[in-house]
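*Asks:* Chains as they are written, first to last, in my numbering: chain A, 401 to 750; chain B, 3 to 509.
The reader is advised that the hints may include incorrect statements.
[Stated by the list, open to error] Label-pair restraints from in silico Cβ distances:
hint : chain 1 : residue 1 : chain 2 : residue 2 : range
1    : A       : E626      : B       : G452      : 39 to 47 Å
2    : A       : I551      : B       : A82       : 52 to 60 Å
3    : A       : V548      : B       : P256      : 47 to 55 Å
4    : A       : L734      : B       : E9        : 30 to 38 Å
5    : A       : V469      : B       : G420      : 48 to 56 Å
6    : B       : A325      : A       : G545      : 41 to 49 Å
7    : A       : L734      : B       : G371      : 31 to 39 Å
8    : A       : L458      : B       : A82       : 52 to 60 Å
9    : B       : A82       : A       : G604      : 35 to 43 Å
10   : A       : N722      : B       : G276      : 50 to 58 Å
11   : A       : S688      : B       : D96       : 16 to 24 Å
12   : B       : P237      : A       : F738      : 45 to 53 Å
13   : B       : P141      : A       : V548      : 31 to 39 Å
Source of the hints: derived by calculation from the structure; they are not laboratory data.
Ideal Cβ positions, reconstructed from N, Cα and C, are used throughout, including at glycine.
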Amino acid sequence: MTDQRTKTDVPADAPAPVSLTKTSWWKSDGAEPVRRNLGLIGVLIVLVIIGAVTRPELYGDASWVTNNVWTILQQASAIGVVTVGMTFVIIGGGIDLSVGAIIAVAGVWSTTLATQSYGTAGMIFTAIVVGVVVGLVNGVLISYGRLVPFIATLAMMVAARGLAAQISGKQTQVSANSTINDIASTKILGVPMLVIMLAVVVAGGWVLLNRTTFGRRTVAVGGNPEAARLAGINIRLHTVLLYALSGLCCGIAAIMLTSQATSAQAAMANLYELDAIAAAIIGGTLLSGGRGTIIGALFGVLVFSTITNLFAINNLSTEVQNMVKGAIIVAAVLVQQFRYRSLSQLFSRT
Amino acid sequence: MTSSPAEVVLKLEGVVKTFPGVRALDGVELEVREGEVHCLLGQNGAGKSTLIKVLAGVHHADEGSISWRGQPFAPASPQAAMRAGIATIYQELDLVDDLSVAENAFLGHEQSRAGFLRRRTTSARTREILARLGHAHIPPRRLVRSLPAAGKQIVSMARALSHDARLIVMDEPSAVLAHDEVENLFRIIRELTAQGIAVIYISHRLEEIRDIGDRVTVLKDGRTTAANLPARDTPTRDLVSRMTGRTIEYVFPPRTRKAEGEPLLDVQGLTREGEFADASLAVRAGEIVGIAGLVGSGRSELLETIFGARRADAGTVRLNGKAIHSIGAAVRHGMGMAPEERKSQALLLDEAIYRNMTLSSFSGYARSGFTDTSKERAAAAKTADQLELRPRDVTRPVRTLSGGNQQKVVVGRWLLGGTKLLLLDEPTRGVDVGARAELYQVIHDLAAGGVGVLLVSSEVPEVLGLADRVLVMREGHLIHEAPADEIDEATVLDLVMAGSLLEGDPA
Numbered sequence: 401m402t403d404q405r406t407k408t409d410v411p412a413d414a415p416a417p418v419s420l421t422k423t424s425w426w427k428s429d430g431a432e433p434v435r436r437n438l439g440l441i442g443v444l445i446v447l448v449i450i451g452a453v454t455r456p457e458l459y460g461d462a463s464w465v466t467n468n469v470w471t472i473l474q475q476a477s478a479i480g481v482v483t484v485g486m487t488f489v490i491i492g493g494g495i496d497l498s499v500g501a502i503i504a505v506a507g508v509w510s511t512t513l514a515t516q517s518y519g520t521a522g523m524i525f526t527a528i529v530v531g532v533v534v535g536l537v538n539g540v541l542i543s544y545g546r547l548v549p550f551i552a553t554l555a556m557m558v559a560a561r562g563l564a565a566q567i568s569g570k571q572t573q574v575s576a577n578s579t580i581n582d583i584a585s586t587k588i589l590g591v592p593m594l595v596i597m598l599a600v601v602v603a604g605g606w607v608l609l610n611r612t613t614f615g616r617r618t619v620a621v622g623g624n625p626e627a628a629r630l631a632g633i634n635i636r637l638h639t640v641l642l643y644a645l646s647g648l649c650c651g652i653a654a655i656m657l658t659s660q661a662t663s664a665q666a667a668m669a670n671l672y673e674l675d676a677i678a679a680a681i682i683g684g685t686l687l688s689g690g691r692g693t694i695i696g697a698l699f700g701v702l703v704f705s706t707i708t709n710l711f712a713i714n715n716l717s718t719e720v721q722n723m724v725k726g727a728i729i730v731a732a733v734l735v736q737q738f739r740y741r742s743l744s745q746l747f748s749r750t
Numbered sequence: 003m004t005s006s007p008a009e010v011v012l013k014l015e016g017v018v019k020t021f022p023g024v025r026a027l028d029g030v031e032l033e034v035r036e037g038e039v040h041c042l043l044g045q046n047g048a049g050k051s052t053l054i055k056v057l058a059g060v061h062h063a064d065e066g067s068i069s070w071r072g073q074p075f076a077p078a079s080p081q082a083a084m085r086a087g088i089a090t091i092y093q094e095l096d097l098v099d100d101l102s103v104a105e106n107a108f109l110g111h112e113q114s115r116a117g118f119l120r121r122r123t124t125s126a127r128t129r130e131i132l133a134r135l136g137h138a139h140i141p142p143r144r145l146v147r148s149l150p151a152a153g154k155q156i157v158s159m160a161r162a163l164s165h166d167a168r169l170i171v172m173d174e175p176s177a178v179l180a181h182d183e184v185e186n187l188f189r190i191i192r193e194l195t196a197q198g199i200a201v202i203y204i205s206h207r208l209e210e211i212r213d214i215g216d217r218v219t220v221l222k223d224g225r226t227t228a229a230n231l232p233a234r235d236t237p238t239r240d241l242v243s244r245m246t247g248r249t250i251e252y253v254f255p256p257r258t259r260k261a262e263g264e265p266l267l268d269v270q271g272l273t274r275e276g277e278f279a280d281a282s283l284a285v286r287a288g289e290i291v292g293i294a295g296l297v298g299s300g301r302s303e304l305l306e307t308i309f310g311a312r313r314a315d316a317g318t319v320r321l322n323g324k325a326i327h328s329i330g331a332a333v334r335h336g337m338g339m340a341p342e343e344r345k346s347q348a349l350l351l352d353e354a355i356y357r358n359m360t361l362s363s364f365s366g367y368a369r370s371g372f373t374d375t376s377k378e379r380a381a382a383a384k385t386a387d388q389l390e391l392r393p394r395d396v397t398r399p400v401r402t403l404s405g406g407n408q409q410k411v412v413v414g415r416w417l418l419g420g421t422k423l424l425l426l427d428e429p430t431r432g433v434d435v436g437a438r439a440e441l442y443q444v445i446h447d448l449a450a451g452g453v454g455v456l457l458v459s460s461e462v463p464e465v466l467g468l469a470d471r472v473l474v475m476r477e478g479h480l481i482h483e484a485p486a487d488e489i490d491e492a493t494v495l496d497l498v499m500a501g502s503l504l505e506g507d508p509a
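Chain A extracted, bound-state conformation (with noise of 0.2 Å):
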């Protein structure tokens, strides 16, 4: 109590008190991704003792443990590449509608029978330059065409999937490449491929957010965009460029959805755009921008396949499934905004 109340006292201009004294690790900075992210840490635990509490036999086979590991890690692999590039999009002010649609788009162009004819290559170039373009597209839209982003995405959203449609001629086009039809079910020292692109997406997103001059940009742009503009960013050209990175996401989330089906058709990653929003939002990014994690949003979307995962070895219906995730986002959203609430009272003074 009283070493408190000296802190208090000292004068302004001293030397500022922090990190001086010796802090626990729970209070240090490298916890505060586990602090931020408590609820949701808190949810996968739940859910987990829910599924060895409902199925004991299986819980009790380690190597079933350490598959099914692997099998959510898996699941939520695409849909968290996806996931890293809305939360860009979302922390800088935007919101995009189209990802779903793009990854249709990617796909089947990229398993067309005339790319399959330019090997492994050609297809992983294909799908990755179509996302980035129709993310590229996007951006131009809403930065110079002055759209509103829920607008010109969900025009995208609408229009990629007809395209995808048109592409394929509404059939299913089976991947004859083997070496992208191995890459689900390649494993490096037993980590699957999809689990190792994924880590990968998540780190590259993380230091890109936290440590480049792009990240800190993305913040400003979405935190407070007159600032950003008037302290010389050009918010434009950044508004495009977080679109093209969330279309990138999308291309390589297509390749993996290719893999994982050994095929592509103009419906794949249907909805995907819900879930990666919500993702990103119950793992703490705020939807009007200048705030979120990358690592929250890893959270909110292993919750999401871990629900997946409890209802399918119960054997329980998709129906109960989705009830359960819409109470899951309006209970992690309200348990942050009483955080934050708290958070903002503490800083605010008369």
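Dock chain B against chain A, hints included.
*Replies:* Then chain B, alone, in the frame of chain A:
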């Protein structure tokens, strides 16, 4: 003038309000009489806003007693405070832009019968109230969006009167008004008090308090440091010392240097339709040039156009001989701007001080796209020292700083960016007295270091005290130029206002 002391309507004793980590009110005493204008004086953070919110029913006092017209007063909600007859007019007017004048006046207690709005009654009653306020010409059905700031304030007052308020709290009502509109506000306040309505008036401008106020209560750090001083006769020195705990006057540092040489900034014939026309001016390195003009004279628009934030219809801006057409080019060539609305135009409030300071220069500290936050922090800390920023801890969010220190963060941003020419739009708005003197010193130090400064302010003494050269702007035209020591306040005011009729929208 008052023949017999009027009845005390509001009395606060030992009012305490704590928030987590802050004791915002720590023993406030306040006594307001019927029909008086009671001024509340205090620096930012002294507790004025919290006090207002306690009276308005937004916050509830933790300790102490409040009595209102002889009864204990503890409003459960803003509606309850309104019903009890206490109305608050906030600095950021809480009007709904897309509703009409009448709808705003009766917002929350609409005139209705069986759920159906009585539009005619509402309009008629609004007209009555507007007439009482001396503004019968404002049509009740007009959208509030289309009114100028002064008109919106009238609507706020109409709302207070629609509740039959007996006490109106006004939080810096003059901050959004031009000079002649302030006169009009004062006339209305006098009429209200003549009807026995009490007014609590908050302002940073001492001259206004002398003009309109009856008594003054001074707050400092959540406590009443002086109560019921006579507004007209208390020496400024006394008021300021009670606000700050030290004796500070508006001291402008002496001008020592004379700027010579080629102009750093050269503006020729700059025009934007409907805002300003044919503006030409020059600023040399180390020179402070001030633009005096009313709100709506086009001064802020001129500044933003020079900075490249608005596109000019005609004319050129050159910095060191290089043409400036965009913000990007302006910043690259060494121009910086501290805009009028700090919070909405300049700051990321939830971000750390150092990140705000390096907002225009973080790329410079980065290596191949990777930011170097420790270098940024070190540079920001150095600048924070130079500017005497409080607190010095540059990792704190900007939101926690006072107005003056937030302004220092914005200035610091451009110092870090190596700015050669700084544009300052109302640099001391919302900045308390003590911090003002420090900001003046900062601006002078900048100029002494060779930075050119172009400054816009509504406060003529500020322009005259700070600048080497003064430009006068009226209705979009630069009409006069003079060295600051060859022109006085009266002359500038005369030029600024002569022939100006700011009754309609200030374009």
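*Asks:* Starting from the hint list further up, note which numbers the structure goes against and sort them upward.
*Replies:* 1, 2, 4, 6, 9
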